Structure formats: C-alpha cells, structure tokens
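So in the working numbering, spot 283 of the sequence shown is number 283, and the numbers just go up one at a time.
Think of the hints as simulated: they come from the structure by calculation, not from any bench. Quantities reported herein were computed from a predicted structural model and do not represent experimental measurements. Using N, Cα and C, we set each Cβ at its ideal position, and we do this for glycine too. There could be a bad hint or two in this list.
Unchecked claim - Calculated cross-link-like contacts (lysine-lysine; reagent style BS3-like; alpha-carbon spacing at most 25 Å):
(1) 408 - 315
(2) 408 - 376
(3) 376 - 429
(4) 376 - 163
(5) 315 - 542
(6) 376 - 315
(7) 560 - 542
Said to hold, decoys possible - Derived CB-CB ranges, DEER-like:
(8) 565 - 541: 25 to 31 Å
(9) 129 - 277: 33 to 39 Å
(10) 178 - 504: 38 to 44 Å
(11) 408 - 534: 18 to 24 Å
(12) 404 - 316: 28 to 34 Å
(13) 541 - 277: 35 to 41 Å
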Amino acid sequence: MTLLAPPTNRRNLLAGAGALAGATLIGGRSVMAQSRASSMIFTGGPILTIEDAMPTAEAVAVRNGVIVAVGSLDAARAAVGRNAQVVNLDGRALLPGFFDPHGHVSMVGLQARYANLLPAPDGQGDDIPALQGITRDWMNAHEQLVRDTQLVIGFGYDDSQLKEHRHPTRTELDAISDSVPILFMHQSGHLGVANSAALAAAGVTASTPNPDGGAFRREDGSQEPNGVMEETALFTVMGALFTRLDLQANLEMIREGARFYSSFGYTTAQDGRSSTDTCRMMAMLAERGELPIDILSFPDILTSTDVMATPLYRKNYVGKYRIGGVKLTIDGSPQGKTAWLSQPYYIPPEGKPASYRGYPAATEQQVLDAVELAFKNDWQIEVHANGDAAIDLLIGAVRDATNRHGAKDRRPVMIHGQTVRMDQLDELKTLGIVPSLFPMHTFYWGDYHRDSVLGPRRAEFISPCASVVRRGMRFTSHHDAPVANPDAMRVLSATVTRRTRSGDILGPDECVPVDIALKAMTLWAAWQHYEDNRKGSLAVGKLADMTILADNPMTIDRDKLAAIKVTSTWKEGREVWSG
1 MTLLAPPTNR
11 RNLLAGAGAL
21 AGATLIGGRS
31 VMAQSRASSM
41 IFTGGPILTI
51 EDAMPTAEAV
61 AVRNGVIVAV
71 GSLDAARAAV
81 GRNAQVVNLD
91 GRALLPGFFD
101 PHGHVSMVGL
111 QARYANLLPA
121 PDGQGDDIPA
131 LQGITRDWMN
141 AHEQLVRDTQ
151 LVIGFGYDDS
161 QLKEHRHPTR
171 TELDAISDSV
181 PILFMHQSGH
191 LGVANSAALA
201 AAGVTASTPN
211 PDGGAFRRED
221 GSQEPNGVME
231 ETALFTVMGA
241 LFTRLDLQAN
251 LEMIREGARF
261 YSSFGYTTAQ
271 DGRSSTDTCR
281 MMAMLAERGE
291 LPIDILSFPD
301 ILTSTDVMAT
311 PLYRKNYVGK
321 YRIGGVKLTI
331 DGSPQGKTAW
341 LSQPYYIPPE
351 GKPASYRGYP
361 AATEQQVLDA
371 VELAFKNDWQ
381 IEVHANGDAA
391 IDLLIGAVRD
401 ATNRHGAKDR
411 RPVMIHGQTV
421 RMDQLDELKT
431 LGIVPSLFPM
441 HTFYWGDYHR
451 DSVLGPRRAE
461 FISPCASVVR
471 RGMRFTSHHD
481 APVANPDAMR
491 VLSATVTRRT
501 RSGDILGPDE
511 CVPVDIALKA
521 MTLWAAWQHY
531 EDNRKGSLAV
541 GKLADMTILA
551 DNPMTIDRDK
561 LAAIKVTSTW
571 KEGREVWSG
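Work out the full structure: start from the sequences and follow the hints.
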C-alpha cells in the first residue's frame, strides 16, 4: 500500500528572504527540510482565523513558532520586521491546523503499512475477489515482512459496501493462504475475519466460548468458527497475533500514522484507547523528536490506568506528546450492527431475531466504576457510545458520579453518539458532556443506515449537529481514523451537506454552516481538550499550527468541499508536509 500519492508540482509558496535549505521525501511527498525561521509573515490569500472578533485577516506574523500578529500586512511587518521570511499564499486559504477530536493515529499507521482493503472512494476493496487479490499483491510486494512476522493484515473491508453484502469467511481467507495467519479488520474496527491459521495461532477452536461483549460467528449447524469475529472476540485474536510485531514495526506505524494525518492538515492527532505500551512508544518517538505533529493519547481505562500514574499524564506536551485522560468503550458500531440500541435494528444481522438491539461491550458495573474512577481522580474521560442504550448508561454514570463528587468542569466526552436522541441531548447539556459526533457516517454509511441499520426515520437524525447547536452547545466532528481516512475536507463536507454516496441528503435539518463545521474541527476540538488557549484559531499568543488549502471553504460551492486539497501543513512555524 502506498501511504501517500507522489508529490504534485509546487506553486510559488515561498517568497522573499530566507529561501529554504532543500527538500526531503516523507511517505512519497515533498517536505521542505528547514530550520524554523525565527520570523515569518503569511499573506497573499484568504486567511480564516476562526475567531469571531476578526474572522478574516490580510496577514499573520509568526516568531519562534508562535503567532505574534493577526490583521493587516502593515501590522504583521511591524511585529516581526521587514526582513522576515514571507510565505506567499498565492490565492490559497490559510486556516488553523485541524485538531483531531477522536481518532486512532497508531492504527492509521497499521492501515498505512499493511494491505488497504477500503472500498471506493478510498480504496478498491469492492468485492471479495478484490480483497483476495489486494492481499495477494501486498504479500508478493512484502515477502520479507511476511516471512519475518508470519502475519498478514488487511484493513478496511466493509460488508455494507461489498458486492456480496456480507463478510468474507475463514475459507475465503484460506484461499489466499492456509499456512500464514491472515487477519482482515473491518472498516469500523469492531469486527474482523481470520483464516484458519490465524484462529489456530490465537487458540480459537469450536470449543472456544464467546467472550463477554463479543462473539465468534459459527458455521451453520456447527460450533466451528466461520472466521468472523465481533468486538472483544476480535480484540482477543488481535492481541494474540500482534505480539508478532516487534518494537521497530510498532514505532514505524506510529510515525507513518502521524505523517498521514499531517497530509490532511491535522496538527494535533488523537490516539484513543491507547495501551500502556503504545503510550510509552509514542513518548519514545517524542523524546527522539520524531513526531511531526502533536499526539494526544487517551489510554483504555479498563486495561491501562497504570500509565496514568506516570509523568506522561500531563497538561503540557513534551516532544509533541502527552496523555490527556482516559477512554471507555461501552458498545460497538452501528454499521457493524453491534452498537447497543434501545429499539431493534431495522434489518437484524443474519441469524439474529427481529428483536435484536446489539449489545454492550462493557458491563453496567464496569461503566459505573470507570466513570467513578475518572471523576475521583479528575481525569477527563472520553466514552465511546454509539447506540442510544449505551448513551443512556453513560448519562446515568455521569449523573451518579457528579452527585458524588460535585459539579466541576471535567468535560466528559461522548464519542460518536450516532443515535443520540433529542431528550439525551438535553441531558448532555445539563451534565456538561461534550458531544463529539461522527457526521462522516452520512457519506460513508448513510444509505446503509437508512435502508438496513436504522430505517428512514431514525437515520435522519444520526450525528445531529444542528440540534446540538440549537441548544447552545458546542460539538466536535471527527473521522475516527482509520475507520475512514483522516480526511479533514471529507469531515467538513459531511458535516455541512450530509450527502450520502447515492446523492441523498440524510437529515437536511441537521446540516450546519461551513463556519460552524470549521469550528468543530479546530477551535471547539481544541476546547474539548483544554487546549484552546494555545490552538484552534489564528490569534496572538497561539501556536503557529496552520494548514493551507487550495480553495477557500467559505466561498466554494458546498458540494465541492470534499475535493479541496490540502497543500501545506505547518506545525509551530515549521512546514511538516506539502504536496
């Protein structure tokens, strides 16, 4: 899999004194190798500050990686002097760097390193023969890696988009190889498929029981696993197989993930549900100065709270890394039909009764104890809750913990909240729970939600961003990469248009204007993590974390938002990506 496309011809981005020293290649794209200029001026194109008091500006001045002036070109020159390096935007738009309110940067590196099974438009995994062919091609191109690890991973298949409209099976993966363990991971990250060798390596047989919060799907009329795994069953097999990846392989995945994020204009990435080992590896890269952008971790509160007692949990970044709080997962994914709903799925999965509503991935007591632990220690907690039954449990746990520990600005976060109800939005506001929503679903799975998952009525209200705004609340909008590429423009487009793959508009009343959608990806995302004093907008005293877009999202046709190209990404006044 090629992580990034070849570099495009660069327009005249840099002008004035202080030409840059040269170029190097990162992931196939040209990045200028430079020492950060002490003083710089950005001008020559639309500048969107995301600040209500001054939404646009003629110039931004930067000194030592910090913004020192925003406004007129004369004011910028007065702040840094006429000998400052000038970055000529050449008509392109300058915005604050995008801040990831929820994603998995380490898993993005996994996706980048192994076989890309994503369906169109992000890949070519549109039917099961294509998945098999992509995997064989990847194995042929990475023979040494396969020999060294005795493991093949494919990421991103989606049964809802496959021509067959089903998951591949163990026998179909055996047709690729019946000797090397092969693991396919679903685009949602909540399901997967293993071949016979992978199941054997993980010790999974016909006598293996389903774990709490998950399931091994079985052959018809048998207890023999058919290869498809849900939730904790998948994570158990992943844990057994991923021990084959050594330290260097894991470090390279993190590096590749951060680079890939930067190519989409992100200057802060999140790693949700980190393990203790992942946190330590990210800190190792940060100490070496090998992270191009900031990474903010939220380790799993059920497995990795030991790391919260270390200096890695802190308010300030050291070498572009810090732990911000903890992550709890209550249920699964709606497109995988493992999210926990209060009402049945519109069309239940094969073999499930009409009353099927999904299921929790954690027990009620685990959820109550986790939220209690976070509140007791003043840890910010981000909680994956897709189904409205899971959201009910989250609300109850936060209410109980608040009653015990008193009201405080803890900013617990509801991650995804796909099926959140209007009455639940009112409860979120009362309890101070931040909704981090996933409107990208309207494009990737909107048609499937309407026709199979939720039905027309409920599907109209997935990720109801406008309803949040009408209640005077802030929301953030995420991509949950690698569930989807960390494509900021696709996030923006989906939040603004809610247009599905078929061209339908799913829930037109939940569309929000471009300026609000941009806030949800920048200033409000920084606020969600207590970082809006240093990030999220172009304002004096904030870090020079910026992205340059080929077109102005405020003036372009809204149906062309997804096609806007990121041409350059700057972290603290240093260009870390261009294309």
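Now for the hints, and whether the structure bears them out:
1. 408 - 315: holds (17 Å)
2. 408 - 376: holds (12 Å)
3. 376 - 429: With Cα atoms ~21 Å apart, residue 376 and residue 429 stay inside 25 Å; holds.
4. 376 - 163: Violated: residue 376 and residue 163 sit about 49 Å apart, past 25 Å.
5. 315 - 542: Holds, at roughly 16 Å.
6. 376 - 315: Holds, at about 18 Å.
7. 560 - 542: With Cα atoms ~30 Å apart, residue 560 and residue 542 exceed 25 Å; violated.
8. 565 - 541: 25 to 31 Å: About 30 Å separates the Cβ atoms of residue 565 and residue 541, which means 25 to 31 Å holds.
9. 129 - 277: 33 to 39 Å: Holds - the Cβ-Cβ distance for residue 129 and residue 277, about 37 Å, lies within 33 to 39 Å.
10. 178 - 504: 38 to 44 Å: holds (42 Å)
11. 408 - 534: 18 to 24 Å: The hint (18 to 24 Å, Cβ to Cβ) holds, given that residue 408 and residue 534 are roughly 22 Å apart.
12. 404 - 316: 28 to 34 Å: Distance hint for residue 404, residue 316 holds at roughly 30 Å.
13. 541 - 277: 35 to 41 Å: With a Cβ separation near 36 Å, residue 541 and residue 277 satisfy 35 to 41 Å, so the hint holds.
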